[in-house]
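A.B. asks: Listed here are the chains, written in short residue letters.
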Amino acid sequence: MMAISLIIMVPIVTGIILLIIPERVRYIKSFASLFVSVLSAFWAWQIFSAEPLTYVFIIPDFPLLGEELSLALQSLGLYLHFRVDALSQLTIIFTGLFAPLVSLYAIGSTGKEGRFSNFESYFLITLGLAFATLMTNNLLLFIFLWGALALTIYKLIPSKDSSSSAAAKKTLIMIGASDGIMIAGIAILYSLTGSFNISEISVETNSAITYFAFFALIAGSFTKAGAFPFHSWVPDFTKEAPSVSSAYLPAALDKLLGIYFLVRICHDLFIMTDIVRLIIIVAGIISIIIAVMMALIQHDYKKVLGFHAISQVGYMVLGIGLGNVVGLAAGLFHMINNAVFKSGLFFISGNIKKMTGKAKLDQLGGLWTKMPVTFLCGMVFALSISGIPPFNGYVSKSMIYQGIIDFGSSGTGMANNLWMLWLGLAVLGSALTLVNFIKLVGSAFFGKVPGNLIKTRETKPIMWLPSAILAIICLFTGVFAKSWVMPNIIFSATGTFETYSIWYTTFATVVLGIFIYLVLATGGIRKIVMIIRAKEKFYFGNIFSAKVLYNTLRNASVLSKVFEMANNGMFDIYHILRKSVFFINKRLSLMHDGILQTYLSWVIAGLIILLIFL
Amino acid sequence: MDGWIIVLFFVIPLFGAFVMPVTYLFSSDSPKFITPVITFVLLILSLYSFVYQPEQIAYIIGGWKPVGDVPIAIYLVYDGLSGFMLVIINLIAFFSSVYAINYMEEYTGQKYFYVLMCLMIAGMNGVVLAGDLFNLFVFTEIAAKSSYALVAFGVKKDELEASFKYQVLGGMANLIILFGIAMIYWQTQTLNMADISYMLQNVENNIFPVFIQLILITGFGVKAALIPFHAWLPDAHSSAPSPISAMLSGVLIKTLGVYVIMRLFFNVFPVNESVSIVLIALGGLSMIIGVLLAVGAWDLKRMLAYSSISHVGYIIAGLGIGMIMLARGENQFVATLAFTGSLFHLANHAVFKGLLFLNAGAIEYAANTRDMKQMGGLAKFMPITLTSSFSASMSISGLPPFSGFFSKLIIILAAVIAGFYLIAGLAVVAGIITLAYFVKFQKYAFYNKPSVSSSIKEVPNLMRMSMISLAILCLLMSVLILPEIREVFLNPAVNTLMETTDYADKILGR
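Line by line, the protein sequences give chains A and B. Quick note on the numbering used here: the first sequence kicks off at 5 and runs consecutively. Quick note on the numbering used here: the second sequence kicks off at 104 and runs consecutively.
For reference, chain A alone in the conformation it holds in the complex (with noise of 0.2 Å):
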């Protein structure tokens, strides 16, 4: 199939051209990317309707590099086994829709916020590369367009500043780390199974060595997704990188690349032992409340949003975890609508902040007059997100919640008979969500204009039309969901089921929420309480100040000692390991004091070790 070869090779190869065209005529460069990733939703659009099939990439003959190489060259035909089923095609389509929308807003945003030099190459190698990933058969080189994909997203942020150069640095060493721990994974899987083909290899997790491999790959997954204890890139990114980056990768490509390996990993590589779904399922939750709990006291609302980018992974982990058939459809279906609604909010927060130039949600206010089609599209964004319906964001959820309802009914082990905790968790999440999406919008949209914001304008269409195809597609997707979105898309990668809606999750998400939000914003319970007493006088137009928000929080005993533990980095792996690096390093530099005597007698004692042990 023509297609596959071409989805792949021509953004690549268009990605090189376009870093050797200087950056003078950014316009063509714009445009050529604009082109191409029309070209590839197209060729996504082909690959989704055809049938699932495998595909064997045949090199052609290169008779100006001589007989001997050509062969050679051909001979890397070994490895490059592609195998389309649903749950490629289901991914591949998704990643075709993002692709011209980030490039049509590329094009629109400048200036700090926006495209950045060599932006429309490095995004087009990310959109071959990642093409290719969702298609492949064959586990080295899965890893190696892994691994590829690591430089590609540390190039789109552009480090300008120490504090940008040190997001990069991050991004890359946890990701690059990540695919040096899965080598040892599939090296494993290869020693057990003598194959490197994904379609070949099942293997029961019952041994320390399965064990390790298993989360040697999960490991892989859940950085790329952002998942914890592997997430603590991804906030640091989307503060740091142009909204177009972050509505890029974090927010669509590297949730759908993510999620796939998750699914790849836990319904083909492996076989799930109840107490690696236990392990999976309290990861997943892990992520949904503590991303969330960061995400309340935050300040700047790039980083919030990218908190939430987390915790909604955390649901997708949850209902993948679970390992039934409503929980994986459950996982797939909110990783496309997770990826749709937050490049939403990204792109959202992009204009915002390309408007105003201001990071901080409370130097914000009263924008919904002066930006009223991306208030809208926020508006429709944030009740996805919260899972309010009729979005998608609903839809997604409490599947998610009968994934787990029947999880709890079907099976006897530990996780199953957790299911309870697992339920109350997960509509806590999505309260507390909730919760901080009251807070964004209600902070940036709501109350008083600050004097300096006066002026504002809505963005250019080009910039608005990405979020605004977003949010229709939020809409229709929640709206259409049983009747046209389950059965086209998802069930043909999951198997079919029936879904029925459980009221008291939602009821219970908004209730809980708007109170958890009432008691922030008023300044804790006893506030309240002497309010009702008309003790205390309250003003209403600080409903929406988010600085009373964070007041409280931080006030809080309990909370503010782990508040402050985690703003110092130690529920953060990347900043532990670090640390106990560092430290280790320290004790060896000590050792080496420059004196001769020393290193002489470290010879000799090397020398004497030997022996004995001869």
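Be aware that a few hints might be false.
What the hints assert, rightly or not - Here are some chain B residues pointing at chain A (derived, C-beta under 8 Å): (1) TYR151; (2) GLY257; (3) ASP261; (4) ALA285; (5) PRO331; (6) TRP335; (7) GLY432; (8) SER500; (9) GLY501; (10) GLY528.
Said to hold, decoys possible - Restraint ranges, calculated between C-beta atoms of paired labels, are given here: (11) A:ILE21 x B:GLU590: 30 to 36 Å; (12) B:ILE147 x A:SER53: 28 to 34 Å; (13) B:SER558 x A:LEU592: 36 to 42 Å; (14) B:ASN471 x A:PHE587: 28 to 34 Å; (15) B:SER558 x A:LEU479: 57 to 63 Å.
Simulated from the structure, these hints should not be mistaken for laboratory data. Built from N, CA and C at the ideal position, the CB exists for glycine as well.
Chain A is already provided as a structure; the job is to place chain B on it using the hints.
C.D. replies: Showing chain B alone in chain A's frame:
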């Protein structure tokens, strides 16, 4: 290929070294142009013989025939492994010497620099060709002595101290090596390596070869800078002028250390399980401690030097894994895989570490500092250094599509299949920390501060040329993973290690 061509590999640089002081009298610029010519000729010669001479040949100097069964002449042996090493040595030597033309302009006494450099190249080429222990030792010393002088070339306090430490530890290593050689001679009454190989096969006492091997591991371990014999390296490699650092880290430790270990332990001594365990242990130790030392360094060249320790660890651990598979007579496929990974990594490390030292030199040349804290914002002024050091950094950290990814992959794969999970784990961890400090280098050198206008300029053309060529090699050497290309470039060397007794058989024709 005629046998006499082999001799040219060290005759040309030796001749050059002694001619240059004479030509200097007529033109003070002559040495810096003669040296690149010499290294270029050597590079062409080594490539030519590598491609057209896949078989082993031995050249007997003076044509002295063996008396009875005893070979009495000086033997020079060229086989797959020697050819492989010669290509690497002369490749790095060529780019370093071209780079040195601009770089060394600031130094005084340039003629001595080029003389010493040629001597060092002659010594290294001699080591990989020597067919007997005596000449091996002599050539080792030629290379080592010139490197002592080159380390001290800056004649400042640090350089002299580093050189002094290097000399004392190197001298100690020589003593140990000489002791080992004497023991061999005592037991076998010969110094010809092929002959020793025969003699040792007949020795019934198994403990004796192992004893000598441990002595030799210590001696050559100092040269290869394995932990705990590494202490001289961080000082010496960071103090030398950058083109020399590139040579020292890129090829010298591999020629004097790793190559000799490979040659002696695979082709001369019978393959032995306990020795291979020692190699694996030392390799694993160097791998992890090397990176743990490097990660805290703020001196750029010192960081690169520490990282060399860890990468030699990778190579040695890979060799050890292959050796243990050979010794146990188990899965030969794993042994091939391990050797391929080791040799591939050896070649890769020569290229990317050579390039990184040249980058460090370029930064020092332009910004006049080696301290990463004082750099920053160089990306705008030094785009070529940025791009080339990025490809080298990503290659050394093992990220695709650069070549380092593949060699690391093969080594980890071999370790896992062979069942050495600990080594595989250490390799992964070391790889991650390597990535961490090379991204740190990228951050602190090129970004971090907003770039302000300053007088920093990109380095002169010849330095650029060397860096660009090596950066392209970092990418291009990935194709060595392809089976058809591996066949030509890596397999001759791997076969030398796999067919342990072939070496002696072919030379002595028995």
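A.B. asks: Against this structure, judge whether each hint is valid.
C.D. replies: We went through each hint and held it up to the structure:
For B:TYR151, the interface hint is violated, the least distance from its beta-carbon to any beta-carbon of chain A being 17 Å, above 8 Å. Because the beta carbon of B:GLY257 sits about 18 Å from the nearest beta carbon in chain A, more than 8 Å, this interface hint is broken. Look at B:ASP261: its Cβ only gets to about 10 Å from chain A, farther than 8 Å, so that hint breaks. The criterion of a C-beta within 8 Å of any C-beta in chain A is not met by B:ALA285, whose closest approach is roughly 16 Å, and the hint is violated.
Given hint, B:PRO331 at the interface with chain A, holds; its Cβ is 4 Å from that chain's nearest Cβ, closer than 8 Å. At about 7 Å, the closest approach between the beta carbon of B:TRP335 and any beta carbon in chain A falls short of 8 Å, and the interface hint on this residue holds. With its C-beta approaching chain A no nearer than about 19 Å, B:GLY432 sits outside the 8 Å limit, and its interface hint is violated. Below 8 Å, beta-carbon pairs count as interface contacts, and B:SER500 has one with chain A at about 7 Å; its hint therefore holds.
Among the interface hints, the one on B:GLY501 holds; its C-beta lies about 7 Å from the nearest C-beta in chain A, closer than the 8 Å criterion. With 8 Å as the threshold, the beta carbon of B:GLY528 comes within range of chain A, its nearest partner Cβ sitting at about 7 Å, so the hint holds. A beta carbon spacing of about 32 Å between A:ILE21 and B:GLU590 agrees with the range 30 to 36 Å that was offered as a hint. A hinted range of 28 to 34 Å is violated for the C-beta pair B:ILE147 and A:SER53, which are about 56 Å apart.
In this structure, B:SER558 and A:LEU592 meet the distance hint of 36 to 42 Å, their C-beta atoms being roughly 38 Å apart. Judged by the Cβ atoms, the range 28 to 34 Å given for B:ASN471 and A:PHE587 holds: they are separated by roughly 33 Å. As the Cβ distance of B:SER558 to A:LEU479 is approximately 58 Å, the hint placing it in 57 to 63 Å holds.
The structure fails to meet hints 1, 2, 3, 4, 7, 12 from the earlier list, while all remaining hints are met.
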